[in-house]
Each structure stands twice: as structure tokens, then as C-alpha cells.
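Visitor: Chain by chain, the residues run as shown.
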Amino acid sequence: MKKFAVVAAMATALLGSASAIAADLEVTHWWTSAGEAAAVAEFARVFEETTGNHWVDSALAGSGSGANPVIISRIIGGDPMGATMMNTGRDAEELIQAGLMRDLTPIVEEMGGLDFYVDQSLLDGCRYDGKIYCFPVNIHSWDWLWLSTAAYEKIGQPVPKDWNEYVASWPALQEAGILPFGLATGWPFSGIPGVLMAGLGGSDLVLAVNRDKSVDAVRGPEFRKVAEALDALRGVLSPDMMVPAFADVGTQLLEGTAAGNIHGDWLQGDLQVAGGVPGEDYECLPALGLGDQLSGGGDSFYFPVLPEGTDQAVLDAQTALAKTLISPEAQLAFNLKKGSMPIRTDIDLSGANACMQKALGMLGNGLLPSGDFSLSSDIQQQLQDLNTEFLDDDGITVDDYVERYASIIESAE
Amino acid sequence: MADTAVPLEAGTETVNRPGLLKRILLHNLPAKIAAVPMMLTVLVVFVGCTIWTIYYSMTNSKLLPTGKFIGFDQYERLFATSRWNVSVTNLIAYGVMSLVFTLVIGFVLAVLIDQKIRFESAFRTVMLYPFALSFIVTGLVWQWIMNPTLGLQGTLRNLGWTNFTFDWIANPRMVLFALLIAGLWHGTGFCMVLMLAGLRGVDEEIWKAARVDGIPTWRTYISIVLPMMRGVLVTAVVIIGSGIVRLYDLVVALTNGGPGISSEVPAKYVFNYMFSGGNIGQGLAGATMMLLTVLIIMIPWAYLEYGGKGKRT
Numbered sequence: 166m167k168k169f170a171v172v173a174a175m176a177t178a179l180l181g182s183a184s185a186i187a188a189d190l191e192v193t194h195w196w197t198s199a200g201e202a203a204a205v206a207e208f209a210r211v212f213e214e215t216t217g218n219h220w221v222d223s224a225l226a227g228s229g230s231g232a233n234p235v236i237i238s239r240i241i242g243g244d245p246m247g248a249t250m251m252n253t254g255r256d257a258e259e260l261i262q263a264g265l266m267r268d269l270t271p272i273v274e275e276m277g278g279l280d281f282y283v284d285q286s287l288l289d290g291c292r293y294d295g296k297i298y299c300f301p302v303n304i305h306s307w308d309w310l311w312l313s314t315a316a317y318e319k320i321g322q323p324v325p326k327d328w329n330e331y332v333a334s335w336p337a338l339q340e341a342g343i344l345p346f347g348l349a350t351g352w353p354f355s356g357i358p359g360v361l362m363a364g365l366g367g368s369d370l371v372l373a374v375n376r377d378k379s380v381d382a383v384r385g386p387e388f389r390k391v392a393e394a395l396d397a398l399r400g401v402l403s404p405d406m407m408v409p410a411f412a413d414v415g416t417q418l419l420e421g422t423a424a425g426n427i428h429g430d431w432l433q434g435d436l437q438v439a440g441g442v443p444g445e446d447y448e449c450l451p452a453l454g455l456g457d458q459l460s461g462g463g464d465s466f467y468f469p470v471l472p473e474g475t476d477q478a479v480l481d482a483q484t485a486l487a488k489t490l491i492s493p494e495a496q497l498a499f500n501l502k503k504g505s506m507p508i509r510t511d512i513d514l515s516g517a518n519a520c521m522q523k524a525l526g527m528l529g530n531g532l533l534p535s536g537d538f539s540l541s542s543d544i545q546q547q548l549q550d551l552n553t554e555f556l557d558d559d560g561i562t563v564d565d566y567v568e569r570y571a572s573i574i575e576s577a578e
Numbered sequence: 010m011a012d013t014a015v016p017l018e019a020g021t022e023t024v025n026r027p028g029l030l031k032r033i034l035l036h037n038l039p040a041k042i043a044a045v046p047m048m049l050t051v052l053v054v055f056v057g058c059t060i061w062t063i064y065y066s067m068t069n070s071k072l073l074p075t076g077k078f079i080g081f082d083q084y085e086r087l088f089a090t091s092r093w094n095v096s097v098t099n100l101i102a103y104g105v106m107s108l109v110f111t112l113v114i115g116f117v118l119a120v121l122i123d124q125k126i127r128f129e130s131a132f133r134t135v136m137l138y139p140f141a142l143s144f145i146v147t148g149l150v151w152q153w154i155m156n157p158t159l160g161l162q163g164t165l166r167n168l169g170w171t172n173f174t175f176d177w178i179a180n181p182r183m184v185l186f187a188l189l190i191a192g193l194w195h196g197t198g199f200c201m202v203l204m205l206a207g208l209r210g211v212d213e214e215i216w217k218a219a220r221v222d223g224i225p226t227w228r229t230y231i232s233i234v235l236p237m238m239r240g241v242l243v244t245a246v247v248i249i250g251s252g253i254v255r256l257y258d259l260v261v262a263l264t265n266g267g268p269g270i271s272s273e274v275p276a277k278y279v280f281n282y283m284f285s286g287g288n289i290g291q292g293l294a295g296a297t298m299m300l301l302t303v304l305i306i307m308i309p310w311a312y313l314e315y316g317g318k319g320k321r322t
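Taken in order, these protein sequences are the chains called V and D.
Just so we're aligned, residue 166 is where the first sequence starts under the working numbering, counting upward by one.
Just so we're aligned, residue 10 is where the second sequence starts under the working numbering, counting upward by one.
These are calculated hints, taken from the structure and not from any lab test.
Be aware that one or more of the hints could be misleading.
No more than 30 Å apart at the CA atoms, straight line, and that leaves these computed lysine-lysine pairs for DSS-like [to be verified]:
1. D:K77 x V:K378
2. V:K523 x V:K488
3. V:K390 x V:K326
4. D:K31 x V:K296
5. D:K217 x D:K125
6. D:K31 x D:K41
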């Protein structure tokens, strides 16, 4: 499927090459799973159909943690691509400071502002010194608990309505030989503590820890609940049960060999490609079924400053792509495939599935800032190391975990 | 030659000095010109970059090397980090085991092949083949073999041997041995070939003499042949040793540091903090510590190997 999408994108690129003013624009991103690739092919299709330029697809493997370094090195090293997806946050800020990213403010002025963004806070990560340097193209959120209908049918229980009911069902699941929690090795674990923090600790805790870097909040009772939930979670996880990729967990859910998983909304793209129907084959609980706000961020596209002497046609293609990505047509096509929420709601979303509708309902409550926005990647890496260590080593007690978490937050700038 | 020439002329040095200087500069001029690019590379790339690395490890640089000088703060943090400490312990444990086993197995294999066996070249090829694969491929292959549900354990359990257990890769206490298996599979063949070349370099007359004296074969290998292979042994140790210190890709492909942080190695820590962690200062501090470790081993060895040479001649 992925290959087909890439081939299709290349084929359209070749067809478009007939037009005279067309330019090649290399776009890097790390959308490589089946659902993601199908979604990004929609961007390429709309871009090529409406502007006549070619989208040269450079998909990088290894998700954010693998691809982001490659992208940053290429920009720093003087080999910038035409456009790239990148995590907003401190890393991008340093590149902007160094003058390596194109200022998009003139494009914004030409379009008459960005008021159509459903939540203006999405743009915070793109704003620097009052100028806009990137466009978020979707709202993605980690805060989803995915549950397998098939697994709960096997044990004869109704599908849980929130995290607490889900935890209560673990013993029955284990007795039936079903994995309570499916997990892929590597980065998929890294998002889970944040989801537990938002769902169990609530919005106030997230803001206190991530935004205000409050050490007291980490030592408080609300955060303790989060640590205890992680402790419970590591009790039902074992390294020899982990699957290689997050899409495999999707398969486990559809088969009913695993009952649940916390993963970002992009898992849904894969569930759909595999033929799953929300409400029938799987259930989704945004914010663990407890909260009413999603912590979210945008996948954002940046447009690096191209070297001196670049063909004007390429620069124009850059501008055209910037406009295309946030156009209603591209937004609709992309997000329906991706399973994430669009950045604008002035489009017809009746085609959205049940899960997406739930999320759209929560958008009105505003977004919680995710860790990417407020914590430097250095701090995030340390927290991730701590979480990885905690998950595997039962010798680290909940108290140790809280203390070490607190000392990392304390060292944050 | 040059070494012995200098003291001879020491008595007449005031007269001969300009001529000596000229001779040092002009003697074998083409060779010196040819060596200039390499000398520049060493100075700029090796020495220069090392100094750069050490300097920036003492700054608070984040994504770009632009930070302020902050002394040894990065090192304090480094040694307070459990992941780094686990990495160092892992590397030492892996390093010692890898060095010993590679040398021993390599030598034994070489001796076995040295027995004038049939199909020698076929055996040599088979043994050396893993070395032609990259560590990434090696890691992936062994990851599949050792995966508890899909690999050897799963297969044998499906065949009916239900209590067969081989879950080292998912077991924090055994994961280093899993790494070691893959590492040995990859490296012993090359060590064997080096050793075999050393064995073949030993004069046949020595074997004849040993046989005449009635010395058993194993004793000849250990007490006579092995000491004569000193050069080959040193080469093998240096090659294996440098492979151990930069151990990274095998870990990434095989375990990615897991389960938990139980198979982390220093090079991976350095990479993570320099690139995905966006903290160059911290990464370079780790890199400097790696360099320091290598120097602690290399300097005494180099001193023994080359420093004593003057006295011997």
C-alpha cells in the first residue's frame, strides 16, 4: 500500500512534468506507515493538481526521533530541502534564530491572516519575534486509548468506557490469555506517560508540570496517580511480548490478541487501512475517557531558506506548497486519511468517522500544550530515558520515579 | 638509521648543525612531500577536532555549538546519569568478554584449520563470511533468531519442546550475552584469518625442531608459536578493541538499548544527546570520556611498544 502510494505520487509527478513553469520541490517527512503514507500522498496529489509543480517525496524512516536529526543536519549542513515536516519546539527555534528558515509572514499577509486556524495556540510554536515560520497542517494528539472489541467479546465483558474500567478488566483478560496492553518496542512507549498525565492528572497538572515546571506539582498527589498507573502498566507488560512496530499493535487489536493500547491518533490511519471500522472493530477513548481536553500539537511544515541562486520557479513552488497545505481541499483529503484533526473547521467534515467526531467535539475546549512545546528536547530525552528505565526495572519504586522526575523538571530552563 | 646517526655526530655538532638541519629537511624529500597531506589531516582532523570536542564539552551548547563556557558541569551531570553509568558498565563487561572470546575462539579455529585439512578454503570462506555483513544486518538477523515469539524459542516450542527457553534478548540480565553472540558470530572469522596468517608465517623448521625434541603439539602452539605471533596478536587486539569502543550499530539493530536501558552503550548515549536530545555539550562530554578511556589504555601500551625501542637498539 505504501509503495503504491509512493509510486502513485511519482507517477503524478511525471505526468505533471509537461507544464512549462513546473519546478521540483523536495519534501521530507516521516510519514511512512501505511495510513500515513496514504495521507501524505493526498498532499502530493492536491499540490501537483492545483499548482503543476512536482512533489519530490523524501520519506525518512525512523519517525520523529530518527528523521528529525537527519532533517536538522541537512539544514545546518547547507543542503536544505524545499519543505520539511518538523517538530515545532526548541530545536526549530534554534534553526530560526540562525536564520535558516524562511519567514512566511508575507505569505500570511497575502492570504489575509490565519484566523481560520481553529485554535490559535497551534501557531505558538511557529511564531518567533512576531513572525510566522511554519504552518501546522493537522492537530495530532497522543491522548487516545484504543480498545479491541474482539478481545472484550472473548471475555464476555462490555468494552470499557474509561481508563479505570479498562484497568479493572486486566485480570480477566490475562486469564483468557489476552494481552491487556499491546506495545511496540522503542518510541511508542515514550508518549504514554504524557497521556496518563493528561488523562489521570488533569489539565491543571499538565500545565503545572510542562509549562510552569513546578517541582511541587510533580511531588503532589495528582502526579503520584500517574506514576502509580505507570507502575500498574509495567506489571502487565513484558519485553518478550512486544511487537516490532506500532502498526503491529493495530493488527493485534483487530485480531483481539491484545485488548488495548495508548497511542496517537495516527494509529487510526493504519486501523482503517487494515479494514477496521470504529465502533465495530475497535473503540477509541480520547483523553482516556476521563478528561475533556486533548493535549495536542500540530505536525508542522517548515520551509528552509534555499541557497543563493536558487531558481525563482523553485521559490514560487515553495510559496505555492505553503498555501496548498493549509487549503480547505488539502486539509480535508489529508486528515480523513490520516485520522488526525484538521486545523480548520470551515470545511465539510461529515465524512469524518466516529473517533474523529469525538475529537472534534473536544476541540472547542481548547488544546493542552504537549511536552514538545514547552520542554526542550534535552529534557524530553532525559524523561524518556527515565521512563524506559522505569518500565523495565522493577527495582525503581514509584517514589524513586517521582523524585527523579522532579529533579529533571527542576533542571529545565 | 637516523637514530644511530645522531649520537655519532654529537661531538662535532657546532660545526655540523646547519648541514644536519638541511639533511633532516631534504633527506628523502619526495617521501616528506608525500606525507604532508596525511600530516595535515592528522593535525587538522584528528588533533583539531579532538580539541574542538573537548572545548565544547565544557560549554552549555544545545543544538548548535554556540554555548558559554561552564567548566565541568556537563561531566557532573554525565556521571550522575544512570543511563551513562549503565552504558559504561555494559561496555566494560562486553569489551572484556568480547576480547577474550574473540581471541580464544579465533585462535582455536585457526589452529584447527591449520591441520592441513581438506576443503580448507571453503571453511575459511564460511567462517569469514559474517565479517562481510554490516553490524546492522548482523543485528537484524540475530534479532529475528533470538526474538522469543518468532525466533528459535517460538519455533522449538511449536515443534513440541514446550519448556525450551531462549529469551536472552528480552531478559535484562542476559541481554549482554545476546549481544556477545551476535558480536562473536560477526568478528571471530576475521580474527581467525589473522591468526591463520600468523600461524603460516611460522617457519617450518621450528616445527621440525620441536618435533625432534619431542614437544607435544599443543605445547608447541602455546609456548613457541604463540609468542612468535606477537605482531599478529597486537594487530588483532587493536582491531577488536577499536570495534568494541565504537560499539553502536549492533546495539541499535539488535536491542536498541533494551529491555529498558539494560544494553545501552556509551556511543549510543552520545548520539542520542547530540542529535535527538539536542544537547551537544552533554554528547561531547560523553565523547570525551570515551576518548579518555581509549587513551588510558593506549598510552601505556604505546609507551611499552615504542618507548622502549631506543634502549633495545
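Visitor: State for each hint whether it applies.
Guide: Each hint, compared with the structure:
1. Pair hint D:K77 plus V:K378 holds up; C-alpha atoms about 24 Å apart against a cutoff of 30 Å.
2. Our distance criterion of 30 Å between C-alpha atoms is met by V:K523 and V:K488, whose separation comes to about 28 Å.
3. For the hint pairing V:K390 with V:K326, the CA-to-CA distance comes to about 19 Å; that is within 30 Å, so the pair holds.
4. For the hint pairing D:K31 with V:K296, the CA-to-CA distance comes to about 65 Å; that exceeds 30 Å, so the pair is violated.
5. This hinted pair checks out: D:K217 and D:K125 have alpha carbons roughly 16 Å apart, not beyond 30 Å.
6. Between D:K31 and D:K41, the direct Cα distance comes to roughly 13 Å. Compliance with the 30 Å bound is thereby established for this hinted pair.
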